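**Student:** Sequence:
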Amino acid sequence: MAATGAAAVLALSACGFTPENNSSAQPVDTSQRIVVDNFRAPVAGWELETDSAYILSLAGCLETLTKYDQAQGKVVPSLATEWKQVSPLEWDFTLRDDVKFQDGTALTSEAVTASLQHVLKAKVPARAFNPKMVSGVKALDAHTVRVTTPTESPLVPYRLASVNTGILAPAAYTKDTIDPFGHCTGPFKPVSEKTKQSLTLDRNEDYWGGPVQLAGAEIRFITNGATRAAQVQTGEADVSLSVPVSSLPALEKAPGVGILKADSPRTATLYMNNGRAPFNNLDFRKAIRTALDLDSLAASVYEGAALPATGPFAPTEPWAPAGVESPKQDLEEAKSLLATAGYTAERPLEIIAIVERAEFADVATVIQENLKNIGVPISIQTKEYASVEPDLLAGNYDMVLSQRNRLIDIADPIGFLTADYTCAGTYNLSHFCNAEYDKTIAQAAQTNDTEERHKLYAEAGKILDAQAVNAWLVNEQATDAVRTSVQSYVQDPLSRYVLTAQTAKSGSGS
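Residue numbers (our numbering): 1 to 510.
Derived from the structure by calculation, the hints contain no laboratory data. In this text, all values refer to a predicted model and were calculated from it rather than measured experimentally. Incorrect hints may have been included.
Unchecked claim - Straight-line C-alpha distance at most 25 Å; calculated DSS-like pairs for lysine-lysine:
hint	residue 1	residue 2
1	Lys455	Lys132
2	Lys132	Lys67
3	Lys372	Lys383
4	Lys123	Lys100
5	Lys196	Lys100
6	Lys84	Lys100
7	Lys121	Lys132
8	Lys383	Lys194
9	Lys455	Lys74
Claimed, not checked - Listed next, with one range per pair, are the computed distances between beta-carbon atoms:
hint	residue 1	residue 2	range
10	Pro27	Glu152	16 to 26 Å
11	Ala71	Ser336	46 to 56 Å
12	Gln446	Glu350	31 to 41 Å
13	Leu140	Ser31	35 to 45 Å
14	Thr234	Val324	37 to 47 Å
15	Ala435	Ser336	37 to 47 Å
16	Asp362	Asp141	55 to 65 Å
17	Lys372	Lys328	13 to 23 Å
In this text, a Cβ means the ideal position worked out from N, Cα and C, and glycines have one as well.
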């Protein structure tokens with residue numbers, strides 16, 4: 001395989017209980033099925049340019065040309081066996097010759113090209129793969145796909161590892177909708193769906209990657225974290241993703257349950273709408289940030305399972321600015337900044353707490369109390385993310401508590417930094433726009449040298465911090481709960497892979 005210019009990324013190491021190494025594990029029973037509780041449901045049918053692609057990926061249905069291997073810290077083959085940059089603007093990907101879609105048709109360069117072109121033509125572009133980054137895809141021959149970029153980009157193999165570039169058979173693309181049922185290449189094939197409730201899958205008997213250990217699975221969409229924790233505790237679920245820290249004491253004592261924890265490139269964030277008063281004033285945003293007691297927040301709500309944030313990056317990430325520390329609460333300074341901003345309390349400012357993160361209701365209450373101390377009244381609304389996303393993107397909100405995985409679009413921060421903070425960013429919830437920042441990101445996107453690119457990311461982080469774009473609260477861990485009967489489960493802090501051909505279950509039912 002040709003060198004891909006792979007960027008070093010945050011070390012993501014699982015710790016704690018590891019079912020695959022459990023010495024008391026029973027023999028695998030290939031007739032077994034498992035239940036996985038996931039924290040979100042499809043929000044827009046099964047369009048691959050949306051976050052629904054993550055559900056198809058973690059369900060073991062959707063596969064991509066390349067795959068980011070977190071253990072190796074690099075992009076590795078998946079549906080493509082190799083790739084090379086044949087010119088500054090062109091990359092060629094060689095396909096496996098032994099892959100069939102679940103409907104029996106062959107994986108061909110024409111099918112791959114059509115699938116990727118569908119994503120490029122989407123009305124709302126995918127954050128990792130869109131016409132600003134990819135100008136064209138074409139089939140060169142039966143086993144070769146060429147991807148062309150408008151400017152030189154060292155990260156094309158990373159973009160092809162994004163779940164949004166998952167490949168479906170031609171028959172999946174109907175006139176008005178996308179139908180993944182029977183049209184994936186992965187170890188599991190969807191067979192039925194209860195809208196916004198669950199997805200049922202059966203084993204793909206003809207999987208190109210070898211024998212599949214489970215007979216099937218059910219993915220349940222449960223936004224309430226306490227419910228996810230309770231179901232794995234009682235055995236109603238075998239795996240529960242993203243369990244809240246408040247549920248850990250009970251789970252740690254529960255028989256037959258193990259906890260997996262991993263460093264996560266997620267930062268719980270108080271997003272502020274920079275395009276709307278009073279948040280369009282820098283001094284006001286600085287006042288909000290200075291009024292928050294992050295140390296107490298981490299110790300109380302997160303019970304020490306998260307660390308106060310130092311900015312948009314975790315301090316351990318290779319692109320984090322050197323020497324940064326988490327801001328300390330200074331109420332007098334915050335009041336002074338409010339006076340400079342000319343702020344006078346009128347209507348209460350609203351914080352939306354996303355219910356998919358169970359702890360955010362408590363986080364909002366702590367922030368409400370912190371801001372009360374400087375004379376900023378706050379009201380709190382708890383809502384499901386799917387119901388508020390249109391207003392967030394349109395700028396019809398004050399503040400929202402949410403979190404973004406910095407490496408979720410592609411396993412390099414360029415995706416997050418572009419989508420979330422550039423003037424034309426497709427996920428710019430903060431409605432922030434800064435010419436110097438955009439110039440820095442554009443330069444980073446074309447920089448081949450990894451160390452130099454990381455320096456540019458650090459400069460971009462400094463701009464975001466200096467502009468107090470948001471209040472970054474705590475750096476989180478990814479925490480999953482798993483029944484001890486589940487074997488060969490590997491935690492993915494990037495929320496892309498859960499069901500694999502190797503995932504298995506003993507016949508003990510423990």
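**Student:** Evaluate each hint against the coordinates.
**Tutor:** Taking the hints in turn, this is what the structure says about them:
{"no.": "1", "hint": "Lys455 / Lys132", "verdict": "holds (23 Å)"}
{"no.": "2", "hint": "Lys132 / Lys67", "verdict": "holds (22 Å)"}
{"no.": "3", "hint": "Lys372 / Lys383", "verdict": "holds (22 Å)"}
{"no.": "4", "hint": "Lys123 / Lys100", "verdict": "violated (29 Å)"}
{"no.": "5", "hint": "Lys196 / Lys100", "verdict": "violated (29 Å)"}
{"no.": "6", "hint": "Lys84 / Lys100", "verdict": "holds (24 Å)"}
{"no.": "7", "hint": "Lys121 / Lys132", "verdict": "holds (12 Å)"}
{"no.": "8", "hint": "Lys383 / Lys194", "verdict": "holds (22 Å)"}
{"no.": "9", "hint": "Lys455 / Lys74", "verdict": "holds (20 Å)"}
{"no.": "10", "hint": "Pro27 / Glu152: 16 to 26 Å", "verdict": "violated (53 Å)"}
{"no.": "11", "hint": "Ala71 / Ser336: 46 to 56 Å", "verdict": "holds (49 Å)"}
{"no.": "12", "hint": "Gln446 / Glu350: 31 to 41 Å", "verdict": "holds (40 Å)"}
{"no.": "13", "hint": "Leu140 / Ser31: 35 to 45 Å", "verdict": "holds (44 Å)"}
{"no.": "14", "hint": "Thr234 / Val324: 37 to 47 Å", "verdict": "holds (43 Å)"}
{"no.": "15", "hint": "Ala435 / Ser336: 37 to 47 Å", "verdict": "violated (29 Å)"}
{"no.": "16", "hint": "Asp362 / Asp141: 55 to 65 Å", "verdict": "holds (57 Å)"}
{"no.": "17", "hint": "Lys372 / Lys328: 13 to 23 Å", "verdict": "holds (19 Å)"}
This entry does not satisfy hints 4, 5, 10, 15, going by the numbered hints stated previously.
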